[in-house]
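These are the residues of each chain, in order.
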Amino acid sequence: EAQVTQNPRYLITVTGKKLTVTCSQNMNHEYMSWYRQDPGLGLRQIYYSMNVEVTDKGDVPEGYKVSRKEKRNFPLILESPSPNQTSLYFCASSPSPLAGRNYYEQYFGPGTRLTVT
Amino acid sequence: GIQVEQSPPDLILQEGANSTLRCNFSDSVNNLQWFHQNPWGQLINLFYIPSGTKQNGRLSATTVATERYSLLYISSSQTTDSGVYFCAVEGTGNMLTFGGGTRLMVKP
Numbered sequence: 001e002a003q004v005t006q007n008p009r010y011l012i013t014v015t016g017k018k019l020t021v022t023c024s025q026n027m028n029h030e031y032m033s034w035y036r037q038d039p040g041l042g043l044r045q046i047y048y049s050m051n052v053e054v055t056d057k058g059d060v061p062e063g064y065k066v067s068r069k070e071k072r073n074f075p076l077i078l079e080s081p082s083p084n085q086t087s088l089y090f091c092a093s094s095p096s097p098l099a100g101r102n103y104y105e106q107y108f109g110p111g112t113r114l115t116v117t
Numbered sequence: 001g002i003q004v005e006q007s008p009p010d011l012i013l014q015e016g017a018n019s020t021l022r023c024n025f026s027d028s029v030n031n032l033q034w035f036h037q038n039p040w041g042q043l044i045n046l047f048y049i050p051s052g053t054k055q056n057g058r059l060s061a062t063t064v065a066t067e068r069y070s071l072l073y074i075s076s077s078q079t080t081d082s083g084v085y086f087c088a089v090e091g092t093g094n095m096l097t098f099g100g101g102t103r104l105m106v107k108p
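For the protein sequence lines, the chains are A and B, in the order given.
What the first sequence shows, in my numbering, is residues 1 to 117, in sequence order.
What the second sequence shows, in my numbering, is residues 1 to 108, in sequence order.
In isolation and in its complexed conformation, chain B is listed as follows:
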């Protein structure tokens, strides 16, 4: 099956800093999503982005499908951005394969 690797595994930022999270995947995909899992465990949809670039407020994402990677940019980070960020991809099957996540802590 598809392998999904995220980097870095852990990230500590000072409030106001910018960051880039990376997701590499091993095969072509039909679906790629970014999620934020908050401290209460809820998975929040951030982006549905199998290709191209999208922006939503301080967050933006870019997927380069031909090179099998996606990037999530967080600008002017806030303490509420803390949590785990997951990249998930869907190949030809009917299942999202999740990466291991990036655990982000934003300090005030």
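Pulled out of the complex, with its shape left as it was, chain A reads as follows:
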């Protein structure tokens, strides 16, 4: 089944304790991205990756890191989580929306609910 998976789905942690949220897709998509969803602010993009070893900042990258060593995986790293990073996180993927080519539908993972105390 074609899908985007995220782990963990739920996480409660403490301020300053490094954590990684994994994202994996089995559709051979070049493009992957991370969003966070907060009440009243909607969904906002954190980072995106056009392909392996190519990443770039979205709207709200502060406090996050990403890596794209393999095409299928795009982990989100919080080096020193803070309470303002408590949020619902989504990973998404699609074929690459390169200039001059068609844009494609983005597929979202099930979400990771993170609480930082």
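Hints listed in this document are in silico derivations from the structure and should not be mistaken for laboratory results.
Misleading hints may appear alongside valid ones.
To be verified - Straight-line alpha carbon distances no greater than 25 angstroms define the calculated SDA-like cross-link-like pairs of lysine to any residue that follow: (1) A:K57 x B:K54; (2) A:K57 x B:G100; (3) A:K71 x B:N45; (4) A:K57 x B:G91.
Fit chain B to the known structure of chain A by using the hints.
Positioned in the frame of chain A, the structure of chain B alone reads:
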């Protein structure tokens, strides 16, 4: 960046009723998607519809790109349709910009 506005923000329906949700956007777009976020928080793809009309069961969507709006129609609503409906657009960048959503409650 592109502004996306959805209306109405909240909607309460009796089961079996029909409804129309609207999405207005401020600039030309290369991608427009409708999502349903269920009570467990999952985002379900409903339509990829940068232009034209599509139908899937009781749901259909129309995007008029030249007039910068899209409509989502829900017919014969069911309680399982409850949740938040999001419109998201992608302009020349590589990011989906989401509207504020329409929160739908369908009562039995």
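Comparing the hints with the structure gives:
1. A:K57 x B:K54: Not OK: A:K57 and B:K54 at ~33 angstroms, beyond 25 angstroms, violated.
2. A:K57 x B:G100: At roughly 22 angstroms apart (the allowed maximum being 25 angstroms), B:G100 and A:K57 satisfy the hint.
3. A:K71 x B:N45: With Cα atoms ~22 angstroms apart, A:K71 and B:N45 stay inside 25 angstroms; holds.
4. A:K57 x B:G91: Holds - the C-alpha atoms of B:G91 and A:K57 are around 16 angstroms apart, at most 25 angstroms.
Going through the hint list in order, the structure does not satisfy hint 1, though it satisfies all others.
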